[in-house]
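Colleague: Chains as they are written, first to last, in my numbering: chain A, 1 to 333; chain B, 1 to 333.
Just so you know, the hints here were simulated from the structure itself, not pulled from any lab data. Keep in mind that the hints are not guaranteed to be accurate.
Heads up, the list lumps identical chains together, so a pair's fine if it works in one copy or across two of them.
[Unchecked claim] Heads up, simulated BS3-like pairs for lysine-lysine below, C-alpha to C-alpha not over 27 angstroms straight-line: (1) K331 with K269; (2) K127 with K278; (3) K122 with K68; (4) K211 with K331; (5) K278 with K39; (6) K269 with K98; (7) K39 with K149; (8) K52 with K269; (9) K68 with K39; (10) K39 with K286; (11) K149 with K211; (12) K268 with K103; (13) K149 with K278; (14) K80 with K127; (15) K80 with K68; (16) K331 with K286; (17) K268 with K52; (18) K98 with K331; (19) K80 with K268; (20) K286 with K98; (21) K52 with K149; (22) K286 with K52; (23) K211 with K52; (24) K268 with K286.
There are 2 protein chains.
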Amino acid sequence: VFDPQILRRLMEADDGTDTSLIAVDEELDRIFDLDEATKVRFEGERPVAIGKEVSPFDAVDTGLFLCKPPIFDALMEARKEGDSSLSAGIRKLIERGKIQAVKVGGHFWTDIDTPEDLEHAKGALLKGLGKKEEDGFISRYLNRPLSRKMTARLVDTSLTPNGISLLSFSVALLGAFLFGIGGYFWTLVAGLLVQLASIADGCDGEVARLKFSTSPYGGWMDTLLDRYSDGAIVAGITYGHWLSFPEASTWAWGVISLLGFLLVSYTKKEFSLRYGRKLPPDIWDKVSKRDLRLFGIFIGAILNRPFEAMALLGLLSHGVILRYLLSGYRKRQ
Amino acid sequence: VFDPQILRRLMEADDGTDTSLIAVDEELDRIFDLDEATKVRFEGERPVAIGKEVSPFDAVDTGLFLCKPPIFDALMEARKEGDSSLSAGIRKLIERGKIQAVKVGGHFWTDIDTPEDLEHAKGALLKGLGKKEEDGFISRYLNRPLSRKMTARLVDTSLTPNGISLLSFSVALLGAFLFGIGGYFWTLVAGLLVQLASIADGCDGEVARLKFSTSPYGGWMDTLLDRYSDGAIVAGITYGHWLSFPEASTWAWGVISLLGFLLVSYTKKEFSLRYGRKLPPDIWDKVSKRDLRLFGIFIGAILNRPFEAMALLGLLSHGVILRYLLSGYRKRQ
């Protein structure tokens with residue numbers, strides 16, 4: 001199993017001569033079964049030895065090559081000498097300086113020879129799924145661990161990542177609708193569904209990363225669906241509250257919250273576009289994220305106060321936006 | 001008067017040797033008083049002649065130089081020979097191959113020697129203010145011509161571009177508030193104020209460009225204020241309508257419109273971030289822009305139907321978003 005980016009790196013490094021390329025992983029502490037691995041030793045940038053027994057060694061052969069025609073002569077020669085392994089052929093090429101190594105540490109790859117290897121590969125892939133920098137607190141400590149479990153099952157189905165996005169969106173819409181019915185029972189169910197949607201929202205990206213099929217389109221659509229479901233949830237909660245408090249102020253709070261939820265995200269995107277870099281992540285960034293927002297609404301639903309929770313989170317969002325603008329104003333040139 | 005970017009270009013082109021640099025404009029058809037200009041002739045990339053009478057010529061001297069110490073010897077020599085003009089010194093350097101020309105066509109610069117030159121410079125700067133690619137139809141044919149007239153006055157005041165953004169935002173907020181009063185008179189005034197704010201919204205950027213003081217912060221804040229004023233206008237119109245139709249459906253239309261107005265912009269920004277390029281501009285892009293939205297609300301106000309105009313524009317916005325998502329889905333890899 002390997003990240004197709006490794007092949008792209010090999011192709012990009014190809015200089016068009018008859019020098020073959022070998023993808024090696026120099027991040028040795030992340031390699032699972034180092035004993036079984038084929039090691040490579042370097043002198044400077046040039047590979048000088050390859051084999052399971054090579055010691056000392058600087059990197060490990062990933063098993064991915066970009067071979068040029070001379071490999072056939074090298075293999076024939078090695079075979080005549082009684083060793084018909086690929087490593088023996090590569091060794092011949094190394095002697096002739098016809099091998100270039102491309103370091104691909106950081107990209108996922110793993111050898112699978114045994115059932116244990118398979119288990120390890122699954123675990124390693126699932127473990128690497130978090131987005132540490134981007135995830136908020138609730139994502140990190142509650143949603144991700146749960147979504148990973150869901151992902152481990154979803155990845156074996158035929159559901160596409162975009163299909164999962166739509167499914168999670170539908171769950172959020174159902175929650176929004178139930179909020180609109182009012183009454184504690186439906187409010188509680190709605191809160192649970194919204195939190196479930198928040199957890200499931202991580203699965204689309206996780207499945208995409210597991211299948212190495214992330215796409216700009218998937219990210220784009222998923223982000224938009226998030227904003228639409230935020231809108232639906234606000235509308236549902238506000239309508240549910242309006243049934244008991246049929247006043248314009250109820251809707252005013254709904255509009256204020258909706259503006260806050262949408263614009264706190266908008267503010268960050270617009271910053272990235274204008275400045276060509278992301279807003280530096282800080283505690284307020286985490287506090288204003290969707291995972292915490294939906295968790296807050298979930299807690300509000302449990303306490304039978306989803307409207308108050310929403311209004312509070314809406315105000316918080318505007319506070320974060322104001323803080324961004326003011327701190328940007330102070331730091332402008 | 002010149003765009004400071006020209007100096008930056010000169011500094012970037014400097015190779016650290018004692019070769020002086022001269023900024024020349026190769027876009028001859030845009031030069032105002034070609035007779036009075038100092039011309040430059042090239043052989044390949046090398047300037048070979050400079051002076052008012054040089055003919056044929058390939059570019060015009062902008063009057064901006066980055067001079068290195070040898071200019072002093074050259075000027076002394078030229079002076080001994082009876083010509084103490086800068087051009088004469090530069091001519092000496094050209095003879096020695098110690099001049100490099102940097103083409104800065106496209107950046108604004110103009111010579112001001114006479115009152116006529118000053119008038120021309122003002123006119124040329126104001127004329128160049130449009131943002132042809134980004135402007136919607138209403139911007140282009142109605143708002144820009146009017147905002148340019150306002151800008152011509154504003155640029156002589158001490159108002160900063162960010163101050164103008166805040167002022168235009170306040171006018172929009174006042175319009176939103178008046179929509180909330182209801183009744184044809186205030187609705188009409190509100191509509192006029194909203195259209196005025198839409199026109200004034202162009203002035204901040206125009207003044208900034210005239211003063212060569214555009215900034216990422218200014219653009220960021222202005223865009224956010226636009227979204228907030230969209231929110232306020234929707235809330236005002238919806239509240240005004242609610243006074244006559246106190247039903248939840250009134251607010252539902254408000255929420256739907258608000259979502260549409262904010263997300264049609266969000267969709268485009270998110271596309272840029274995900275794909276690293278802008279959504280290709282087309283008719284639907286223009287139709288979903290703020291200038292047309294506010295103009296539609298203005299027309300709605302005149303017809304005493306601002307709520308219906310808003311709801312229609314909201315639906316249109318969602319239609320455009322859906323169209324973006326579907327066409328993105330078809331084109332995905």
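Colleague: For each hint given before, does the structure comply? Return the numbers of the non-compliant ones in rising order.
Modeller: Hints 3, 5, 6, 7, 8, 10, 12, 13, 14, 17, 18, 19, 20, 21, 22, 23 not satisfied by this model.
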